[in-house]
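**Student:** Could you build all of it, start to finish, from the sequences and the hints given here?
Protein chains: 2
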Amino acid sequence: MHPFTDNPAEAVSSLGELKLIAAIRRWLGDATPDAPFGIGDDCAILPVSSRRQLVTVDPVIYGRHFNDTVAANAVGQKLLKRNLSDIAAMGGRPRAAVIALALSPQLKMRWLAGFYRGLAAASRRYKVPIVGGDIAQQPEGFAATLTLIGEAATDRVLTRQGSKTGDWIYVTGRLGGSLLGHQHRFTPRLKEGRWLATRREVRSMMDVSDGVAKDVFALTQTGAVPALEASLIPISAAARLRARNSSKSPLHHALTDGEDYELLLTVAARADRAAFEAAWKKKFTIRLSCIGRFARATSPKHINLQAFHGYEHLR
Amino acid sequence: MHPFTDNPAEAVSSLGELKLIAAIRRWLGDATPDAPFGIGDDCAILPVSSRRQLVTVDPVIYGRHFNDTVAANAVGQKLLKRNLSDIAAMGGRPRAAVIALALSPQLKMRWLAGFYRGLAAASRRYKVPIVGGDIAQQPEGFAATLTLIGEAATDRVLTRQGSKTGDWIYVTGRLGGSLLGHQHRFTPRLKEGRWLATRREVRSMMDVSDGVAKDVFALTQTGAVPALEASLIPISAAARLRARNSSKSPLHHALTDGEDYELLLTVAARADRAAFEAAWKKKFTIRLSCIGRFARATSPKHINLQAFHGYEHLR
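Protein chains in written order, with our numbering: chain A, 544 to 858; chain B, 544 to 858.
FYI, nobody ran anything at the bench for these hints, they're computed from the structure. Be aware that a few hints might be false.
One copy or two, it doesn't matter: identical chains are merged, so the pair holds either way.
[As the list claims (entries may be wrong)] Think about it this way: if two alpha-carbon atoms lie no more than 30 angstroms apart in a straight line, the pair counts; the simulated DSS-like pairs of lysine-lysine are:
{"id": "1", "residue 1": "K791", "residue 2": "K562"}
{"id": "2", "residue 1": "K707", "residue 2": "K562"}
{"id": "3", "residue 1": "K734", "residue 2": "K651"}
{"id": "4", "residue 1": "K844", "residue 2": "K824"}
{"id": "5", "residue 1": "K826", "residue 2": "K734"}
{"id": "6", "residue 1": "K707", "residue 2": "K824"}
{"id": "7", "residue 1": "K670", "residue 2": "K826"}
{"id": "8", "residue 1": "K707", "residue 2": "K826"}
{"id": "9", "residue 1": "K825", "residue 2": "K791"}
{"id": "10", "residue 1": "K844", "residue 2": "K791"}
{"id": "11", "residue 1": "K791", "residue 2": "K734"}
{"id": "12", "residue 1": "K651", "residue 2": "K791"}
{"id": "13", "residue 1": "K734", "residue 2": "K844"}
**Tutor:** See below:
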């Protein structure tokens, strides 16, 4: 659905602020608690937690993260899920979210209802209450920015730092072709992330948003280079499908399409990898693949990552 | 300064993502700690706190909250300060902020540098580190959304709920005329808010963003009406100045201009108001005014608030 309308009767501007907020409460339903634990006060209040807190923020913007071909419901779900993926990447647990909308007065009420119902569905599914927000008018377009507060699930939080030369590089799931649907249908790897954070052999972790070819460098420490093997990359069916209609290989799509929202992690060089992989298999059905390791230099048998460009923002 | 440029060499798009993030780190300087406590990981990490957490989110949007006449530095400062005012309104203490930018590739680098230097200045002044963020491209314009995490300063958090018929209504500072400069130069009432939260006679509190004529209804409980007296309203010099060039009275400007960022609070009917006011005067130099009380009905000697309209969003 195109989100905007020239018909004032169908637009959010027909409601005025107070009625719009009342409508949002209705759309969110039990996904938002009563103030001061939900929308309606100067700040939302979160109960005391004995854990370190995690904070992440990501938007969805019309013309950038979605267009007319995407259902409003899917946009709302994705907004929460892409932030959940960041909490998963640290091995954390989500607590609560606040959302800031910047919208054109010409935004369709029906579109916004679909967006909030999608957000509410994801909020209930992942048990993350929407506790506050802001609505502001902007000259045109639609942008929703969600800030997600989480907490460490245990004493340990995994960051992007901590890998060493010799460490193994792993990725969950299969990669590439997200444009064919995965970019909206993905499941944030929350359970997997929490389990991985309890495993001492795991040294660093992140989620894959721009493609492994680019993102792996965020885990790469000075003096090391990622030595990935083409035969080890878990290529998705969607990446193979896309390659049929593009001039690029399935591997290229797997490494550069981005929006995989899988976990990329490193395992200590001297770890008992067989035991680690067996423990994973006992716990989860999704795939966990060792795709290479950090080396001092690459050889021709490794993927030449310079030949790939992951998604580069602002270009 | 106009924030946008047709000259690609002056625009943020000339840098690319990684160099832009490096520039932002430079502009923020010590206002952002190193990852994972600052920008650079999937989530920012906040240390354990034994207090309830407060969360608020507010944006600044080009064409809505500022225009070409406002210095980029002032826009950056205001973004943090308007969120600090929400923390002040609960009697809380700020901890850390994350910021999401949505910007046109035509945004001037020089403008963005000014914006971040202003944000950094406010960050240092109020000791609120910028711990994370996101940058996304949008077709045009500029919007920055800041989420501020705070914590209760004591066991008590003041909300908008809790006033009763008979309670007194107070406001800090002077009201109106914010367009003449106060909207950027205001000081969030953090110290005052924390002190007020320790006073048992204070029952509810909020900050004044849309004007007292509108905002007071957020503190009004069912069955009560705000009975304000015109002679008690602390009218700012700026409100009087504006009235000289408008068809409206200074009182009208004081009650409806909005962006006062003062605290509006209620005091229990049976409180020792003289002792309360004396304790305030011992502690603070800014004015604290009793402007009326909650009654069952108003009489002609009270302000007819229906005749005033505070700032209504999305109209």
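**Student:** One pair to classify: K844 and K791, alpha carbons no more than 30 angstroms apart. Within, between, both, or neither?
**Tutor:** Classified as within; 20 angstroms inside a copy, 78 angstroms across copies.
**Student:** With 30 angstroms as the alpha-carbon cut-off, assign the pair K670 and K826 to within, between, both or neither.
**Tutor:** within (22 angstroms within a copy, 44 angstroms between copies)
**Student:** Checking K791 and K734: alpha-carbon separation at most 30 angstroms within a copy, between copies, both or neither?
**Tutor:** neither (34 angstroms within a copy, 60 angstroms between copies)
**Student:** Classify it for me, K844 with K824: is the Cα-Cα distance of at most 30 angstroms met within a copy, between copies, both or neither?
**Tutor:** Close inside one copy (29 angstroms), not across copies (77 angstroms); limit 30 angstroms.
**Student:** How would you label the pair K825, K791 (within, between, both, or neither) given a Cα cut-off of 30 angstroms?
**Tutor:** neither (36 angstroms within a copy, 74 angstroms between copies)
**Student:** Which holds for K707 with K824 at a C-alpha limit of 30 angstroms: within a copy, between copies, both or neither?
**Tutor:** within (25 angstroms within a copy, 60 angstroms between copies)
**Student:** If the cutoff is 30 angstroms on CA atoms, where do K707 and K826 land: within, between, both or neither? Let me know, please.
**Tutor:** within (27 angstroms within a copy, 55 angstroms between copies)
**Student:** How would you classify K826 and K734 at a CA-CA limit of 30 angstroms: within, between, both, or neither?
**Tutor:** within (10 angstroms within a copy, 51 angstroms between copies)
**Student:** Under a CA distance limit of 30 angstroms, which applies to K651 and K791: within one copy, between copies, both, or neither?
**Tutor:** Neither, since 39 angstroms and 36 angstroms both go past 30 angstroms.
**Student:** How would you label the pair K734, K651 (within, between, both, or neither) given a Cα cut-off of 30 angstroms?
**Tutor:** Answer is neither; intra-copy 36 angstroms and inter-copy 43 angstroms both fail.
**Student:** When no copy is named, should K791 and K562 be tagged within, between, both, or neither for a Cα gap of at most 30 angstroms?
**Tutor:** This pair counts as between: shortest inter-copy Cα distance 28 angstroms, intra-copy 50 angstroms.
**Student:** Go through the copies and call it for K707 and K562: within, between, both or neither, with a Cα cutoff of 30 angstroms.
**Tutor:** Result: close only across copies, 25 angstroms inter versus 56 angstroms intra.
The earlier numbered hints that this structure contradicts are 3, 9, 11, 12, 13.
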